[in-house]
Amino acid sequence: MPELMHRKLERSATGFMLAIIAAASVGGIVEIAPLFTIDDTVETVSDMRLYTPLELAGRDIYVREGCYACHSQMIRTLRDEVERYGPYSLAVESQYDHPMLWGSKRTGPDLARIGGKYSDFWHVAHLNNPRDVVPESNMPSYRWLGTTPLKLADLPLALRAQRAVGVPYTDEMIENAARDAYGQAVPDSEQSSGVTERYGEATQVSAFDGVTTNVTEMDALVAYLQVLGQLTRAAYENTAAPEQMPDPDN
Amino acid sequence: MGQFTTGERDFAAIILIVLAIIGIAMAAAGRADVLGIHGAMVLLYSLALLFVLFSGAFGTPPSPARLTRYYDDPIKVGVGLTLFWAIFGMFVGVWAAAQLAWPSLNFDTSWASFGRIRPAHTSGVIFGFGGNALITTSFHVVQRTSRARLADQLSPWIVLFGFNLFCLIAISGYFLGVTQSKEYAEAEWYADIWLVIVWVTYFVLYVRTLARRKEPHIYVANWYYMAFILVVAILHIVNNLAVPLSFAHAKSYTVWAGVQDSMVQWWYGHNAVAFFLTAGFLAMLYYYLPKRAERPIFSYRLSILSFWGITFFYMWAGSHHLHYTALPHWVQNLGMTFSVMLLVPSWASAGNALLTLNGAWHKVRDDATLRFIMMAAFFYGLSTFEGSFLAIRPVNALSHYTDWTVGHVHAGALGWVAMITFGSLYTLVPAIWKRERMYSAVLVEVHFWLALVGTLIYVFAMWNSGIIQGLMWRTYSPDDTLVYSFVDTLLAMYPYYIARAFGGLLFLIGAIVAAYNIWMTVRSPAAAMLALDEDLPVGERPAGGATPTPAE
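These protein sequence lines are chains A and B, in that order.
In terms of my numbering, the first sequence opens at residue 1 and continues consecutively.
In terms of my numbering, the second sequence opens at residue 1 and continues consecutively.
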């Protein structure tokens, strides 16, 4: 009998296609739609901050260079991962990540909590030539980042697009995006104070690549790496964290 | 394109001129951005096609008799494009593999660094090689199983050249650093929009051709091509919803964030495997296997069971990419459960294929083409078993983030997808060009062994490296501390990375051999004995025709 029904179905292209759409839709609807409606899918925390324009620019460079192909940003709820990398990742930590960069392969180590673990100087040396600091590494070198100026003019557009997809950047943040990026990479400049005013005292203002005369892509990428795992303390407070959050000032 | 009427030629010219104008607009608006480079590429691409269109357009007008025959010209061009992308994509794959063993092979340039060429490899083989193979074979299969000519002259070319423009923009973009970072959906917003236009054209063409069918029933292969076309459209649109910085910028941000983005991405990612790399290739299996073995499909009921099982179950399975992550547990459980259940329809397909060969095993021994198809069905069974196994949460704890995943993917990609494609091409090429057989059976044999040995070296290397690294990451000393630093585990990988690059190289050489063999077949004289009227869409067919139909 079912076979006869199918023989009928096979005679109609329209009917067959509607059946395909129906059969193929169920799984996605059941698994995806509730992620937007069930409140505890993403934890609510009070101290979650936004990426600064410089960090967002660094994130875009991380995406552009395909860093996610070899580095995950998702510490799983497994003992060895928590002991190797730090507290397991919470959904809230990537709440504002468009797109998420959880990754799928660790040719290199996980980076979800890399922020504050190494100095800016180490990151710059490592990105310039990984084998200078880790002789066994097979990571590409990214020398050109330090000589390529960051496109500051695009940053207000970037923040505006981020707001359009749901990240709560204010008008003031969007207007000052280019100034704030400059100020974060050039400490003691007149633009520096604005960054901490708008993004919080915890924001790191630093000459990330060691040069304060201009803002390069190296500044942006290192700023981003240094904020990974530092946007909220939630992972250390709500879980049995085996360690303290790395402090960038030490 | 000699078969265009004046009206069709003019319409094609209008489309290409509009495309050229879009290219100019992109180049002008995006002159300060990489978008401008892509604008220039769109312009050049449409001008090149315009040149081809008009250089062959002033010959004799096409005779009405062409409409009584199958439309095979787009298939011939599609075979060439499939082989081009196969060699390109596999070459970049070998290169990327070699970079992991010898990192200086990027020559200290940005465009050739691993993170940029890796998506060029994956898109090159999945969309370039796989996509062109799917489009090309679908044009062949839908005509033969429907005994109807493609619905019109122009849209097959729009689909073929439009899709290849997408591939070109996407892959050149990765070298330039234009990427959304979503795996297997890295192309930016403008390429994504273009693909939607191409895909709708493809869908309409396919449905219109089916509507002209002379057979009352739609053959199994077409079920899979329909599922491929429809579901890939849904996946592509939902996963790629994004807001660009402006119309003058290549960069965009996806509308999805964090945990929801992860689920959308792997719902897409896993079903790109299901509906791009499985459904469409099962369609090839269901046509070219019975054709080549000259035996009907073993069981019609198994065909129904596996088709609906795959269409329904696969869409639930994506969350097994996110075990132990911040994705809620209930979604992980659903993904794991359905992944395990998927084994039933998957093995129903693989078993159906292998049982079809009962009574034809002597042909498998003698005919390397049929052996390609048989081996593909075997690897399909193997990698779907492995897939269900790796989706089990505690197994995934070990395998995830390691090379085991890479090995699993390549057991599927090399052993299943590429082998069924080459088996299909070796069946299709002599049929389309009306040759008695391939230029060299020996070269098909050589290709088979290169492909098989290459796949085995690759997969065994990655199984070893993946399991070793997974175990090293979780090795504890007696005093309860982790034994190996990350770098220790990386050092253990180098021998396997070299072996993997070698296995991939063998597979690439096999693809080059195939391209040479197919080129020589096309150049050889047509067989006089193959009368044209044996391969016609309308009219009485000779008794005992070998067109496979569902086993009655």
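Keep in mind the hints are simulated off the structure, nothing from the lab.
One or more of the hints may lead you astray.
Pair ranges (Cβ atoms, derived) [what the hints assert, rightly or not]:
1) ALA164(A) to ILE498(B): 19 to 25 Å
2) ALA202(A) to PHE51(B): 58 to 64 Å
3) ARG365(B) to SER12(A): 37 to 43 Å
4) TRP519(B) to VAL211(A): 50 to 56 Å
5) ILE17(B) to PRO168(A): 52 to 58 Å
These stretches of chain B come out as covered by chain A in the derived footprint (C-beta under 8 Å, 3 or more residues) [stated by the list, open to error]:
6) 73 to 81
7) 107 to 114
8) 206 to 220
9) 226 to 237
10) 348 to 362
11) 451 to 464
Keeping only pairs whose Cα atoms sit at most 30 Å apart, straight-line, the calculated BS3-like set for lysine-lysine is [what the hints assert, rightly or not]:
12) LYS8(A) to LYS363(B)
13) LYS434(B) to LYS363(B)
14) LYS291(B) to LYS8(A)
15) LYS76(B) to LYS291(B)
16) LYS117(A) to LYS105(A)
17) LYS214(B) to LYS291(B)
Computed from a prediction, not measured in an experiment: that's the story for all the values here.
Even glycine gets a Cβ: it sits at the ideal position worked out from N, Cα and C.
Each hint, compared with the structure:
no.: 1; hint: ALA164(A) to ILE498(B): 19 to 25 Å; in the structure: violated (47 Å)
no.: 2; hint: ALA202(A) to PHE51(B): 58 to 64 Å; in the structure: holds (60 Å)
no.: 3; hint: ARG365(B) to SER12(A): 37 to 43 Å; in the structure: holds (42 Å)
no.: 4; hint: TRP519(B) to VAL211(A): 50 to 56 Å; in the structure: holds (55 Å)
no.: 5; hint: ILE17(B) to PRO168(A): 52 to 58 Å; in the structure: violated (45 Å)
no.: 6; hint: 73 to 81; in the structure: violated (count 0)
no.: 7; hint: 107 to 114; in the structure: holds (count 4)
no.: 8; hint: 206 to 220; in the structure: holds (count 6)
no.: 9; hint: 226 to 237; in the structure: holds (count 5)
no.: 10; hint: 348 to 362; in the structure: violated (count 0)
no.: 11; hint: 451 to 464; in the structure: violated (count 0)
no.: 12; hint: LYS8(A) to LYS363(B); in the structure: violated (35 Å)
no.: 13; hint: LYS434(B) to LYS363(B); in the structure: holds (22 Å)
no.: 14; hint: LYS291(B) to LYS8(A); in the structure: holds (25 Å)
no.: 15; hint: LYS76(B) to LYS291(B); in the structure: holds (19 Å)
no.: 16; hint: LYS117(A) to LYS105(A); in the structure: holds (21 Å)
no.: 17; hint: LYS214(B) to LYS291(B); in the structure: holds (19 Å)
In the structure shown, a violation is registered for the earlier hints numbered 1, 5, 6, 10, 11 and 12, in ascending order.
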